[in-house]
Amino acid sequence: YRAFAAYSDGSTREVTAEAAWTTSNPQVASVSPAGLATCLAPGQAIITASWQGLSGSGNLFVQEPAPPASEPQPPAVPQPVRLDLRPPEATVKAGETAQFQTIAIYSDNTEKDVTQEATWTSSDLGVASVVYGLATALAPGQADIAAAWNGLTGQARLTVVEEPKPPQPPADSGGSGPTLPPAPAPEPPTTGGSGGGSGPTPPPTAGEAEATPPVENLPQSVFIARWPGHLPLVAEPVKTGCAPGGEKLEPVPEFTMEITRADSLAEAEAKGLEPRVYYWNEKFQKWVALASYPEGGKVRAVNDGGYSGWTAVFAVKEPRFTDVAGHWAEPVINRANGLALIEGYPNPQDPASLERPAGPDRPITRAEFVAVLTRALGLLPPEEQKLYEVMTEPTPEEEARILAGMKGVPAWARGSIAAALASGLASGRAPGDFAGDEPITRIEAAAMVSNFLKRLPGYSTADLAAFRDAADVPDWARAAVADGVLEGYPDGSLRPNGKITRAEAFAVLLRLLRALGW
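Numbering (my numbering) for the sequence shown: 1 to 518.
Just so you know, these hints were derived from the structure itself, not from any lab.
As the structure is a computational prediction, the values presented were derived from the model and not from experiment.
Don't take every hint at face value.
As the list claims (entries may be wrong) - Below are the DSBU-like pairs computed for lysine-lysine, each with C-alpha atoms no more than 30 Å apart in a straight line:
(1) K317 x K271
(2) K248 x K298
(3) K283 x K112
(4) K271 x K248
(5) K298 x K283
(6) K93 x K317
(7) K317 x K298
Unchecked claim - FRET-style restraints, in silico, Cβ to Cβ:
(8) R362 x R478: 25 to 31 Å
(9) T461 x E216: 42 to 48 Å
(10) R362 x R13: 45 to 51 Å
Each residue gets a CB set at the ideal place from its N, CA and C atoms; glycine is no exception.
All chains, full assembly: derive it from the sequences and hints.
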């Protein structure tokens, strides 16, 4: 292959030797720094050259070598030649879902459904997200739903429409979130919490200065989640962990809230929405989900961050995980579900169902961990609500420059990995190799989280020497882990080089989010 730069005056210049060359499928073909591709196995690879923020690519199709003429030739093995997404177009309302299929078309015109094997992406996560072909419509607009498999790609168009909404309440001029006037009179106390007056208490009266956060007619951006729904199941929020005068009490580990709107509960059940408790984050002016457990007309919430203040119950559409009951990390996964950090895996019997496994004990790969970490830190399109807006999504030109010559970068995670590399959150496992499809170790995950915490006031380094297997900690990581990020095992070991499971990864990420004020 040769690379030519085309200039604005119509001239061209060969930059083959200056460009960085990569292949999308190293098993099919490798490519040298001079653009020389070596065919290794039958299939398709995309050969890409990157130079000064620009990139160009071409498809390389590798066939089986022809046998000697004197020998009888076996019948050709059909090869996949293209991907079809079905349906090619779909229109749904915000909050609904659409199931797409990926069909591989072979050279002999046979077909194979590869929906579960393909890598899925949405061109606009503010409009729709997609997991294993199941697209969730989030806001009006259009998004291209793409699938990649075996070096091939296919695309479909999803159009999201929305019915007219009632007018929004006016926003409070003193804050970033909408507010409603204070309640005209106090409500009778409700029963909740684990005793001592630390459960929910009524909102302030009209004479008090604090404004009550709203629960009605709220924009999706007020909620930290991309799941649709958020139907209020209480008439007004209530104070939790506070005395009637407003002063905060010692936080309780759990509290219970009553569902006071039976009509809304019936509507939620008809729509398949689940009740969940949210607390009002005054700093960020957002409703934030807690681990929640519906119990008849009440919802029990796990107060894992020691929160005090306004709380409310909303009904939301979200996955219901089938393999976490009794697991040590069930509350962690429950809250990560509410924060939309985990989506789970498709139900083998019904891929479109939200009854699905979470895979808590599966090892998480380096690419998967980086994708969730950067999402939690705000690597999202401007339209989608974020937990913490500190990450900047790289442009296509910046992404190509950052990843030039880097192996082990799955196509679906290129943006996340490029941002993590550029910001110093992550580095390759070896020079020029990110090893994105390999399981991440406990010490690697802790170091990535710590690389961000180092930027905050009060950062302190963990004393890893206290663990019985401290000698197993790699030299590069001995001073790279923040205090409180990584917990040891009951036997006093750290197991720094062991694989980290999905459950352990979400526990680490929730510690990070609490450190950031969530």
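Where does the structure disagree with the numbered hints, that is, which hint numbers, in rising order?
3, 4
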